[in-house]
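**Student:** Sequence:
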Amino acid sequence: LADPSLPTDMNNFIDLGSEAIELVERIVKNSNENIEKKLSEIQLLSPIPVPRRNIFCVGRNYYEHAKEFHDSGFDATAGKSAVPDDPIIFTKATTSMSGPFDPIPSYHDTSNSTDYEGELAVIIGTDGRDIKKNDAFDFVYGYSVSNDVTARNLQHKHKQWFLGKSLDGYYPMGPVIVTSDEAGHPDNFHLKTLVNGEERQNSSVADLIFDIPTLIECISSCITLKKGDIIATGTPVGVGIGYEPPIFLNKGDVVEVEIDPIGSIRNTVE
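Under the numbering used here, the first residue of the sequence shown carries the number 4, and numbering increases by one thereafter.
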């Protein structure tokens, strides 16, 4: 839509809240412009191509994945218990963001240990500090599909996970943000990950150890959440390091992450 009153990026769009959505609806209704485009005619970018801050992530947040990661030997921080007592919060660099159909640049991973992690991404729509669980969904703008791509050997080598998680292009997200009022309750969402057409992950978001309100309460108790912040809620069982021996991604592999009712992303490894 070519309209000077529209925000020029998604961060500014989120800033305006419902006002921006109402503006788009009004423009579409009154426009004579053909706004329908075939996906083959355009390149979809990430809904938030340049996040304002590091991307919040959650480790070991599904029971079976917590066990497979603990048993894999790749978690250098693991204690005796596979299941954490409290949310494990870390971040990815903003430069890891990429589009829903962009390639995964595994050539950045000199350790040759690139792995996939299909995840639900939560987009914050209202600034908040010390948010209580009962109020948490009031601060959610919407949801997207993401892949927390990880260089496992770097993750293990450096103990703290930031470097292994933050390689350039290692966070595909999209294809859209579905607003919370349209998406419904995330406990009804279902996630699947396929590699070269083979199903590797299949789980309900309701299986999270720490649900979305708990994550929002936890993070906001320490850090003010801002509009446009992204929280990647964790990945279910079935990642490459869960296999014996581990199955890492290779050049030419195609990784698809689908979350019903949001959509799917599809990324080819380069």
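Keep in mind the hints are simulated off the structure, nothing from the lab. Mixed in with the good hints, there may be bad ones.
As the list claims (entries may be wrong) - Computed beta-carbon distance windows for the label pairs:
#1 Thr271 with Glu185: 40 to 48 Å
#2 Asp89 with Val257: 32 to 40 Å
#3 Thr271 with Ser114: 36 to 44 Å
#4 Asn199 with Lys40: 26 to 34 Å
#5 Ser21 with Gly76: 44 to 52 Å
Stated by the list, open to error - The calculated lysine to any residue pairs, modelled on SDA-like cross-linking and capped at a C-alpha distance of 25 Å, are:
#6 Lys195 with Glu67
#7 Lys254 with Gln46
#8 Lys70 with Ala85
C-beta atoms are modelled at their ideal positions from N, C-alpha and C, and glycine is treated no differently.
**Student:** Now tell me, hint by hint, if it's right for this structure.
**Tutor:** Cross-check of the supplied hints:
1. Thr271 with Glu185: 40 to 48 Å: violated, 30 Å
2. Asp89 with Val257: 32 to 40 Å: holds, 36 Å
3. Thr271 with Ser114: 36 to 44 Å: For Thr271 and Ser114 the Cβ distance comes to about 20 Å; the hint is violated.
4. Asn199 with Lys40: 26 to 34 Å: holds, 29 Å
5. Ser21 with Gly76: 44 to 52 Å: holds, 48 Å
6. Lys195 with Glu67: holds, 15 Å
7. Lys254 with Gln46: holds, 22 Å
8. Lys70 with Ala85: With a Cα-Cα distance of about 5 Å, the restraint between Lys70 and Ala85 holds, given a limit of 25 Å.
When the structure is compared with the earlier hints, violations turn up for hints 1, 3 and for no others.
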